[in-house]
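A.B. asks: Listed below are the residues making up each chain.
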Amino acid sequence: MDILFVIGFFLVGIFLGRLFHTRHRVKLASEKGMMWAVYLLLFLLGVSVGNNPQIVENFHTLGWQAFLLSLGSLGGSLVLGKLLMVLYGTRMDLKKRTHEK
Amino acid sequence: MKSSLIILSFFAAGIFFSMADFLPAWLLDEKLSSYALYLLMFIVGVGVGSDKAIVGIWRQLNFRIILIPLVVILGSLGGAGLLSYFIHQINLQEAMAVGAGFGYYSLSAVIIAGIKGQELGVVALLANIIREVITLVMAPLLVRFFGKLAVIVSGGATAMDTTLPVVVKFSGKEMAVVAIFSGIVLSLLVPLLVPFILSFS
Numbered sequence: 000m001d002i003l004f005v006i007g008f009f010l011v012g013i014f015l016g017r018l019f020h021t022r023h024r025v026k027l028a029s030e031k032g033m034m035w036a037v038y039l040l041l042f043l044l045g046v047s048v049g050n051n052p053q054i055v056e057n058f059h060t061l062g063w064q065a066f067l068l069s070l071g072s073l074g075g076s077l078v079l080g081k082l083l084m085v086l087y088g089t090r091m092d093l094k095k096r097t098h099e100k
Numbered sequence: 000m001k002s003s004l005i006i007l008s009f010f011a012a013g014i015f016f017s018m019a020d021f022l023p024a025w026l027l028d029e030k031l032s033s034y035a036l037y038l039l040m041f042i043v044g045v046g047v048g049s050d051k052a053i054v055g056i057w058r059q060l061n062f063r064i065i066l067i068p069l070v071v072i073l074g075s076l077g078g079a080g081l082l083s084y085f086i087h088q089i090n091l092q093e094a095m096a097v098g099a100g101f102g103y104y105s106l107s108a109v110i111i112a113g114i115k116g117q118e119l120g121v122v123a124l125l126a127n128i129i130r131e132v133i134t135l136v137m138a139p140l141l142v143r144f145f146g147k148l149a150v151i152v153s154g155g156a157t158a159m160d161t162t163l164p165v166v167v168k169f170s171g172k173e174m175a176v177v178a179i180f181s182g183i184v185l186s187l188l189v190p191l192l193v194p195f196i197l198s199f200s
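Top to bottom, those sequences are chains D and R. Using numbering that gives the first Met the number 0, the first residue of the first sequence is number 0, and each one after it goes up by one. Using numbering that gives the first Met the number 0, the first residue of the second sequence is number 0, and each one after it goes up by one.
Keep in mind the hints are simulated off the structure, nothing from the lab. Treat the hints with care, since some could be wrong.
[Claimed, not checked] List time: in silico DSBU-like cross-link candidates among lysine-lysine, alpha-carbon distance up to 30 Å:
hint	chain 1	residue 1	chain 2	residue 2
1	R	Lys30	D	Lys26
2	D	Lys26	R	Lys172
3	D	Lys81	R	Lys168
Chain D with its partners taken away, still in its complex shape (with noise of 0.2 Å):
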């Protein structure tokens, strides 16, 4: 349920957006108030961290398990970039392709 939420916040503040997106200062305060809501996320996040002994205990774990997931996530892209480039060699360079249209 609470993912429905999440989501459906978003979608209402791209419809928002959209909506006065004429109006400068709203760009600008959605980002100052990005800005603060990550702080204030992160800031809980680490609040809850310090509070939870077991994740303080596993910490090495969940570090293990974050480096493996890194590697993983940078080697599929980076074969699969490769992979790209072989394909299509140089050609990836989106100036060329504009003046095309």
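Please build the complex by placing chain R on the supplied structure of chain D, with the hints as guidance.
C.D. replies: Chain R in isolation, oriented as in the chain D frame:
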């Protein structure tokens, strides 16, 4: 880099204050985090909706350029998913959600923590920080072994800001436009893709 330190210091401050027992109990209420997450998602949405540049980006699209963020999406989700086979505490879905952070650790970590709990949130935070750090530190090696696109795809969402300097330095100035494009598309997808992946139960 400076903003990364600020972001992390908020996380560190949270840990420090709660371990030192400095904080009132109501800060620990999970509802508070949920509401803050809703607020964040709303604000991110307003930012996306009101951004005129985003509309401009869609006009620039051509088939080959879309392939770059697509490669990052498939590679990150696939690669993380594959390695989840070796981590018995984390299932395929959770691994793919962590991979879908694309290096955007602050946003992906708080979304994942809000939906799946703090433990996976911490994993997402660390995994995506590691992604950024490896990209920054290993950039020359990555370019040598994986070609010009390497830093752009390994940087993921960060290719538009924090890892852009190493893209310019090691892949060349002409790749900057591609890096920014790919980074923006991926950054936009994080708040959409992460909840989407976690919505399958």
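A.B. asks: List, from low to high, the hint numbers that the structure doesn't satisfy.
C.D. replies: Those not satisfied: there are none.
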